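Chemist: Produce the entire structure from the sequences given, and follow the hints as far as they go.
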Amino acid sequence: MEKQTTEKGTPNEEIMAIQKQIDELNDDAQFWINHDNPSQIEKIRKEIAVLNEKLYKKVGEQLGTNEGGWYENQATREKFYLKFYKNPDQGKMEYIANAIYKKLGIKAVESFLIQMGDRIAVASKELEGGGETISEEEQAESNDIRSGFIADAYLANWDVVGLVFDNIIKDAKDDVWRIDNGGSLTFRAQGKPKDFSPNDIPELENMLNPEYSAGQVFGEFSEEELREQAEHLVMSLTEKDIDTIVRQSELDEEQTKNIKTSLIGRRRFLIKKFNIETKPSERVMKAIERLQEQKESKEAGLRPRVGILADTDKIENQEIDIIDARDMGKYEINFKLTEDCWRTLIAKFQREGNTGKWSRGDISYTRAPNNDVEKDEEEDDDMSYYNDSSVKMADAIVIETNGSTVKISRREDRRSFLGLVHIEIESGGKDFSIQEISEKVNTVFEEILGIEQGLIIPPESAEKNYKKARYAWQHKINPDDVSEEIVSKLERKEVLPGYFTFVEQGKHQEYQSLSPYVVLHNLYTQKTVSKIFKAGGLLSSHERYRRGLLSDGCSTEADLNNGGGDSVFTRTITREGLKSGGYDERARFYTGNDCIILFHPRIFDRTDWYAYPSDEYGTTDPWKFEDRQTPEQVFSEQKEKGYSSCNEQMFRQGISSDDFLAIIFDDVSDMLKMARQLRGDGVTTTQGVPIEEKIALIETYGDLLKISGGEEAMTLSRLIKENSEKVLEGEWKYVLLMTNNIEHWADKGNAYAKRFLEWKERGLPNFPADWDINFLLESIENFSKNGLAGYVKENFGDVINIADIPEKFKADMLAKLKLLLGSLTNLIASFHKSKNIPFYITDNLEEYTRCVKKIKKNIAPIIKSLEKPKN
Amino acid sequence: MITSKRIFEHRVCYVTSPEDTTVLIAFDIQMESDETIRWFDTIKERRMRVGEIIEDTHEHFIFKRNDHQQKGTYTFMPMTLDIYNEKVKHKILIPKAFADEKEMQRAFEKTKENAW
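These protein sequence lines map, in sequence, to chains A and B.
In this text, residue positions in the first sequence follow the numbering used here: the first is 7, and each later residue adds one.
In this text, residue positions in the second sequence follow the numbering used here: the first is 15, and each later residue adds one.
Bear in mind the hints are in silico, worked out from the structure with no lab data behind them.
You may find that some hints are simply not true.
Computed cross-link-like contacts, PhoX-like style, restricted to lysine-lysine with a CA-CA straight-line distance of at most 20 Å [stated by the list, open to error]:
hint, chain 1, residue 1, chain 2, residue 2
1, A, 739, A, 679
2, B, 126, A, 679
3, A, 398, B, 103
4, A, 398, B, 105
Source: prediction; values computed, not measured.
Modeler: Shown next, in the form of structure tokens:
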């Protein structure tokens, strides 16, 4: 036999030529498949069959009952298991099942049909590392397996796990695969026929029966889990996809028709059973129904919003948002056209001229109801800005149609409005159904915006292109350079209620291997935190404005102008950056007056964020945007240049509160205040845990890194359990602080008195100045006239009830107050006793005496209140 | 260790930079010991590395930034009603008229509660 490889193991020219010839013939075959020409296909198949026998060399023996063996492609060195079924149709059915699994993104062995001489086989590619069987329990726990149950039932893959659980294999990366799907569709595993109904999927129950091996692995599913899987199947596998896959299987005409009918019928069965919306108008209808469920966002002063996937390539992020603005008698729909599409549309309107079809107007956002309820009590009633309810945001082309108004932003200098389309649809009275609203939306898309099928779920091909574009955007590479492997890892996820983006699950672990890191966001007042939780997370300013949360104050428009207004900002600290920046991880991390949100590092799995190494206000201006950092650069540049607190990352639309690791403070008192504020605002739990488990104490940079790395935080719950003394001190921080102040004043008074007396004895002219005396007495008087509770409220903004102060703290304060009174007596006495009292004291002696008398009078009721026993 | 100290006694300042159109209003200006200046601008926290302090008087604080490629010059001055009316008002999302500086300051303060 001719030697087919060189000594170095590379394929020889003849083998490479065979491979090339086969590839070309396969392309030809595909052409004829698409043009439905069986005779041409048959002719080509025969040629390929001959060549395959030369290309594939048997290297391993048969496994299982069906004839087969391991073969190696001598050109690529890849190994395949070739199975020659007695009935070749079974191989074709297996091919269909595997192709559908692949289409759905479910891990099933990749296979293709191969003609070897006069026989047809299913060739299944060897898994990385060969693979190993796993226990029934491990299979049951595998998400790779559980997430494919609906697909298994849909394909009637009864033998999916194997009689002795040997059809499931784990590869070198711990991914778990379905490797033998020959018992799918109309065949049983042993080759006997079975019913494959187009009208029912009995497997949805049968395959969960614990008497069968599949049932033992799958166990139970909630209705919601099944619905989600069914929705995924329906959305990822169109009827056209089914047609393509079945035709590629080369079943005969009758079988092709039967299998297609069954697969399409079963898909429709899932749509009906799980009430899955597939028509554009139905999807809008469902979205509007979902809007009614959002009560919490209303409490935060925001109008409810839901996002639905749409279009292929003309709408940014393939998503449109529907806002419930029924308080103004309408629904609002917002989305951004891609820049090219937007410019084309604007140019079209301008070219046509204003012939009455459109007019010039503006896009305005209007304050939502309940938005001004937090007006401070002490604010003037005549502060006019509370009356402003609507803000003009951008000039627009306005088109009025039957009951809807379409506004297309014309504003180029305000980057957050570039491409924006805002549709207002009357929500109408009783006779105006949601169905009608849905149809109106569809009409606007098709007739005004020229986006046909704008409301369809993006098909797989469009989604794939978008995945590539999104990944390329984030990593600053050419979309063509985004590999299939990466595309397969990207998954569209709802990262914020109603907002979807692509996520590369687990990517943050790669970043963590570059350097452990921490992602933070500063807030300026604790009052905001409840609103954030109620809104479902941090929201960009543009998102808040368009949902009606218009700032009551005087916010600038700068962030909308430069595009940063579409994002939420974070800062990142990497351990490598701290090292090279000369920071000690053990150094104190101060939160000061801020409260800081610490995020789960997994937010870096998202593909919709960009970064700058310094404060650029998140600009999207092209001249600067090209200098943005890729995620990898965030790490490499910190490592190289050191951590700078000025860095910024911008996350589109917002960050879900599910991604909050903790709200962090460097002070227990602030933690307690935060908990009280949240509970007072009705936020008692988050992510299924009491809010106290999400409020954490941070002392050092190292603490931040540890928590972000998965270590347990010193939460308020933990502190209460493990260090009640510290919590008590935190609770009464300002009382303790006042006790210290009183002691300090008493010490000062005594020290001043001593100096006057010592001068007489030692002759040292070291008198306290008059302003020292004045300052001391003024401070004490200010405290005494306000009373303890009044002083704490006035100076620290905290409300205390004296009766609730723990006895030991009361006793301590009483002792210090008595010391203070004694020291004031000593001070006045020293003025009288001193022989050479300075003139500025003698001049003010009467005033000082009067002041001390007043202080003593004021302090008496404070002492009384502290001495009063607790009821 | 980072410590904070207030560089201006004035609560609100007007900020300009010929190289940076995004600055306008500054609250709670603080200089940190790692040569970073920070302030709240009614929307978010701004942080910049200070390269050189050009002027530090009661009327002005002027610094030259030194952040990667950013080398712009920034000038802070106390916000008065006149400055607000002449230079700030038209760049505010919901512009207001104020009777006095106290009212103006309170309106700026209020932005903190909506700064997410």
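Chemist: Can you give the numbers of the hints that this structure goes against, from lowest to highest?
Modeler: The structure conflicts with no hint, since it agrees with every one listed earlier.
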